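Asks: For reference, the chains in residue letters:
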Amino acid sequence: MKNAFILFSIFSFLPVSTSASPPSAFEILQKSDRARGGLSDGLGWKVKLENQDGTGAEYEVQVKGVNVIARCFSPARQKGETFLFNDRNLWIYKPGLKKPVSLSPRQRLSGQAANGDIATTNYARDYEAKIEGTEKIGGKEVYRLFLEAKEKNVTYHKIRYWITKDSFLGVKADFLTLEGGLFKSASFDYKHKLSGKPFVSKMVITDAKKSTETTTLSYSEPKNISLSDSIFNVNNLSR
Amino acid sequence: MIFLLLTTIAFAFDWDASALVEWEQKKVAQSPSNPSNRVLKLPDRSLALEGRINLKKEFSIFAVTLRPRARGSLDRKNRIWGGYSSIAFQEAFLNAKPAENLWLSAGRIQFGWGPAESISPSNWTVPEIQFQPSPHFEQLGLYRAQANWSVGQSFSLVAMQELQPLRDHEENYVIKDEVYRKRTLAKGEFSWNYGSQILGATLGQERLRAGLLKRGGIYSSLTLSDAWQFYFDGVQKEQSKGGKWKNLSVAGLRYTFENGLEIRMEGIYNQAGLTKSEKASQELLLARLSDYALYEISFEKAQSLLGRRYAYGGIRWTNAPLFLGVKGVHNPTVYLRTLRSLTDSSASWIGGLDLGLGDRSILSVYGSVVSGALNSELSVMYRNLLGLALKVTY
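Chains as they are written, first to last, in numbering that gives the first Met the number 0: chain A, 0 to 238; chain B, 0 to 393.
FYI, nobody ran anything at the bench for these hints, they're computed from the structure. In this text the structure is predicted, and so the values were computed from the model without any measurement. It is possible that part of the hints are untrue.
What the hints assert, rightly or not - Coverage of chain B stretches by chain A, computed from C-beta distances (three or more under 8 angstroms per stretch; other residues unrestricted):
id, stretch
1, 97 to 103
2, 106 to 117
3, 144 to 151
4, 215 to 225
5, 254 to 268
6, 358 to 366
Built from N, CA and C at the ideal position, the CB exists for glycine as well.
Let the hints inform the model, and build the full structure from the sequences given.
Replies: Shown next as structure tokens:
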């Protein structure tokens, strides 16, 4: 016990090197998630999805931690449709419907842009990450990370992700199949500011096989908002 | 005046409006409860036009929701065409949030729960049978006062008291006159693992001919994996004041494929239901009843399960890979549902296809076929049906 106390005293007074050591893959990912709405204490924004053929949808999104509500207000035929994400569990409610309907986590993957894309980004929680190297994109130094899903029920199984070194913003992503083949790519812009920090303004998803097939997610009106946990309770979805 | 009213609504409320056109062609069943369609006078052809408006306005802690519906139809009944119209509120309620986790509501409210697709026994405020071939059918809400209290995302308590219904619609073969049954219900629900596991219980009572009878229900859904979900929903019902309690329950499994195709299998047990021999005796009795009594019984039949055991199956594929590359066609949804009575071997099949057309429209093609003897339970109204509907939203 006495020895343990001496060891503790010695280590307590050792200088802790914080600034010199490079951030871990997990830390890089966690910081980049914040600029895409992840791990928030209460955020809201609007997102417009536009496909290359002119179709799309618009949602009003509210996020707190792992919970997300996305209310569709366009196109007209889908107006009022509400998706509730309790972590990976998904509910849908439509006005006039007798009750909210639970959807399988597998249905996170359906839709023109996957339902998971409309929701928030928690890559640090959902993926094991390792730094593959550094390179330059658009004149900026970036980390190249390789992410592998911890669970099967995430939107993408494997991701190669490029994050800027100076501001920890994800600027490019390749979404890979289980076998490692490329099936979608994405690029990101951060023209919004939230609490003085950059926040995502645009995500463009391109099909790997048909480069003309794209979906653009344009984010607008991001804001910090106070949200009660109870609004994410399925029993309050139709209120 | 109307223009002024519409303009005020458009500016003051968050709103959307839809027009629904439906054509249905049906073969009326020749059943003991509706011989030669003399009792129910069901239409075998109908062309309906329905206007639906959804209005919502929030004022600080209050919100008003109004969903008026106006329907006009041309129906052919026993070879004679006639015009019919109805106006109703599908929902009309006032909502208040006096505290962070408390919602208070009053008015005509649609509020449902239950993991099964076929029936929701723990919720006795809705009809037992809710199979309607039209994908655009809407159940009317129930006049009630309701309180929702939640603790975070995982626990909620709901208490409701049925209110005396206002006469906001006329009775017809689609909308039955509402009977005030003094229904009360309290519901507690707990979920864990971020809502992947749910356990709920209900307690309350409703007034029937035998008196004010008690009910107690329980429901649960367990997400076993990304693909599998198991669920259960049941209620114990007091049959007469201080008398026997009988059970109505459903248990089911849902499997979802990687491509989003969903399959459900459900088994229903109705302890108060008739056995095969009891049902045969009832059919003999029906032949001696007056048309008025048959009319009442037919409505009862269409609203509740009569047999002891049923099997239910459902397939639903949202965003099915159909009409790929066809310009302007979006979100195709295909579905097929079947209910089979294990008491009299009758079965009902309902299937359809919904297609999003452009930004505003949904085109639906649907049909229903009944198999089994002419006097079997599931063929009380129609033998088959074919429908076509177009819904346009603004």
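Asks: Compare the structure with the hints numbered earlier in the document and write down the numbers of the violated ones, lowest to highest.
Replies: Violated hints: none; all satisfied.
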